Amino acid sequence: MLCQACKEHTATIHLTEIRNGQRAETHLCQECAHQQGLAVKAQIPLNELLSTLLSVQPEAGQDQEKLAAQMEARTCPDCGMTLKRFAKESQLGCPHDYTVFKDQLLPLIERSHNGKSRHCGKVPTHLPKAEKQDIVLRRLKQQLDEAVGQEDYERAARLRDEIKQQQEPTS
Amino acid sequence: MKPADLCKASSAWFGQGRGLFSDVVISSRIRLARNAAGFAFVPCLGADEKQTVLDTFKTALLGIELEGEIFFIDVAQVSPVERELLVERHLITRRQANGQGPRGVIVAYGEAFAAMINEEDHLRMQVLAPGLDLHSCWERINRIDDKIEAQVRYAFDRRYGYMTACPTNLGTGIRVSVMLHLPALKMTGQIEKVLAAARDCDLAVRGLFGEGTEAIGDLFQLSNQVTLGVSEARVVDDFVTRIVPKIAAYELEARKALLAERPQTLDDKIQRALGVLRNACLVSSQEALFLLSNVRLGVNLGRIEKLDLATVNELFMLTQPAHLQLRAGRMLDAEQRDSLRAQILRSRLCVN
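In order, the protein sequence lines correspond to chains L and U. Using my numbering, you'd call the opening residue of the first sequence number 1 and step up by one each time. Using my numbering, you'd call the opening residue of the second sequence number 1 and step up by one each time.
In case anyone wonders, no lab produced these hints; they're calculated from the structure. It cannot be assumed that every hint is accurate.
Distance condition first, Cα-Cα at most 30 Å in a straight line; then the derived DSS-like pairs of lysine-lysine [stated by the list, open to error]: (1) K147/U x K116/L; (2) K186/U x K141/L; (3) K193/U x K147/U; (4) K8/U x K7/L; (5) K246/U x K141/L; (6) K132/L x K84/L; (7) K7/L x K58/U; (8) K246/U x K7/L; (9) K147/U x K2/U; (10) K58/U x K8/U; (11) K256/U x K246/U; (12) K132/L x K147/U; (13) K102/L x K84/L; (14) K8/U x K129/L; (15) K186/U x K306/U.
A few chain L positions that, by computed beta-carbon distances, are all more than 12 Å from chain U [unchecked claim]: (16) H9; (17) T16; (18) R19; (19) N20; (20) A24; (21) R74; (22) R85; (23) G121; (24) A130; (25) Q167.
These numbers were taken from a predicted model, which means no experiment stands behind them. All residues carry an ideal CB built from backbone N, CA and C; glycine is no exception.
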């Protein structure tokens, strides 16, 4: 099916609108959909995302300018990174930046990782046991949700036992 | 081992072009991003510290029992054309080639393993395999990662996991990707639909050389975007059980339909490509990719006899600009390259 707007590219966005009981279908290609301002889940470059997030000010009024200036001036004491530089280069200067710029980075991290912001993968062996356990539990709970979602109750029961077992030794 | 020595053969791991789904999946790759604790990330490292990071990881990696010929290439010291060769062989990225200061790459397992030091992160290592073989890639890279971790303390955060210079790699630091050959979906105009569906599943679609490159020769690289809040096994499993089999099935279906409904159109395309490659005197690298793609399809569908997949796969690699220049032993201008490329293609594809 060709795009209704440009009649050139294949339509990949199919929009069904129901207005006053009237059903209307629109078929567009990625580009035309974007031009018409349709929110298509596209891959937004990180730096673009960051500038948008930075331009949104939490509070209105006279504080706004001050806040923006403050934010721009904030510098990581460890590596000298600034948000301005990060917005330009999309790379941070050191691990501490994640703490210094947490308020700005966290929404960005969640946007890039499907709403998630907590690690539940591999854990280095040198990590203290309690920290390691946190991450392992997170992973097991995620797997449990999945198993329940897939109605795989046998696996769910196994995971539930495993979670219990993990929680026992420290409690 | 000098980079120049590599230019006459394709990477050993690439071998016979076998592996699961090898008619659609050219290769599988897993990359891990890691940083050493106690150092700034690469953008904020001075030359001295970069040297320390380079030495630290180099020593750690060379201390592990990696298989195959192991060699270290000092990327800062080699010539630009050798750097280009490493990029063409997917051993380093363009960013690493164009970077500054002390940096290098350690290669082992017949080029199936490469570890870049001081690229975007202190350590970026990858394991490659032909066809769809992500489980073995993960097993191998995970084991190597364990062995490095026993020697170097990684920057790790209890909330964010492995710390990376760019927040998009945070958590597992894993990038799983597959290189797919999808000519039939392209010919039947279904490719956009498939790629849009892939993007909806949070996958990135790129060309042959990763980020910011065009998909040429119907080759598409698919990789995961989300690295935080998922386990490595989950990401790998998604590719192996869900994503790749589905896309491969679509492609194979499209090939079958083309064969049944438009066999002449298909044969014309394949034979024309072969005809040009067997006879042309000047072939540009873009044209070579495009035509080899059609020939590869012909071999996969059994429309071309006496030509194997391994030869076609190898030609994809050997006809790239830096490979040609190192083979010739001198710098070549565009026309000289096109001429040498055509010569290699003619001799490798001719019938006898």
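Outcome of the hint check:
{"no.": "1", "hint": "K147/U x K116/L", "in the structure": "holds (29 Å)"}
{"no.": "2", "hint": "K186/U x K141/L", "in the structure": "violated (41 Å)"}
{"no.": "3", "hint": "K193/U x K147/U", "in the structure": "violated (42 Å)"}
{"no.": "4", "hint": "K8/U x K7/L", "in the structure": "violated (47 Å)"}
{"no.": "5", "hint": "K246/U x K141/L", "in the structure": "holds (28 Å)"}
{"no.": "6", "hint": "K132/L x K84/L", "in the structure": "violated (35 Å)"}
{"no.": "7", "hint": "K7/L x K58/U", "in the structure": "violated (55 Å)"}
{"no.": "8", "hint": "K246/U x K7/L", "in the structure": "holds (29 Å)"}
{"no.": "9", "hint": "K147/U x K2/U", "in the structure": "holds (27 Å)"}
{"no.": "10", "hint": "K58/U x K8/U", "in the structure": "holds (27 Å)"}
{"no.": "11", "hint": "K256/U x K246/U", "in the structure": "holds (15 Å)"}
{"no.": "12", "hint": "K132/L x K147/U", "in the structure": "holds (19 Å)"}
{"no.": "13", "hint": "K102/L x K84/L", "in the structure": "holds (15 Å)"}
{"no.": "14", "hint": "K8/U x K129/L", "in the structure": "violated (51 Å)"}
{"no.": "15", "hint": "K186/U x K306/U", "in the structure": "holds (26 Å)"}
{"no.": "16", "hint": "H9", "in the structure": "violated (7 Å)"}
{"no.": "17", "hint": "T16", "in the structure": "holds (17 Å)"}
{"no.": "18", "hint": "R19", "in the structure": "holds (25 Å)"}
{"no.": "19", "hint": "N20", "in the structure": "holds (30 Å)"}
{"no.": "20", "hint": "A24", "in the structure": "holds (21 Å)"}
{"no.": "21", "hint": "R74", "in the structure": "holds (16 Å)"}
{"no.": "22", "hint": "R85", "in the structure": "violated (8 Å)"}
{"no.": "23", "hint": "G121", "in the structure": "violated (4 Å)"}
{"no.": "24", "hint": "A130", "in the structure": "violated (9 Å)"}
{"no.": "25", "hint": "Q167", "in the structure": "holds (17 Å)"}
Hints 2, 3, 4, 6, 7, 14, 16, 22, 23, 24 from the list above are not met by this structure, while the remaining hints are.
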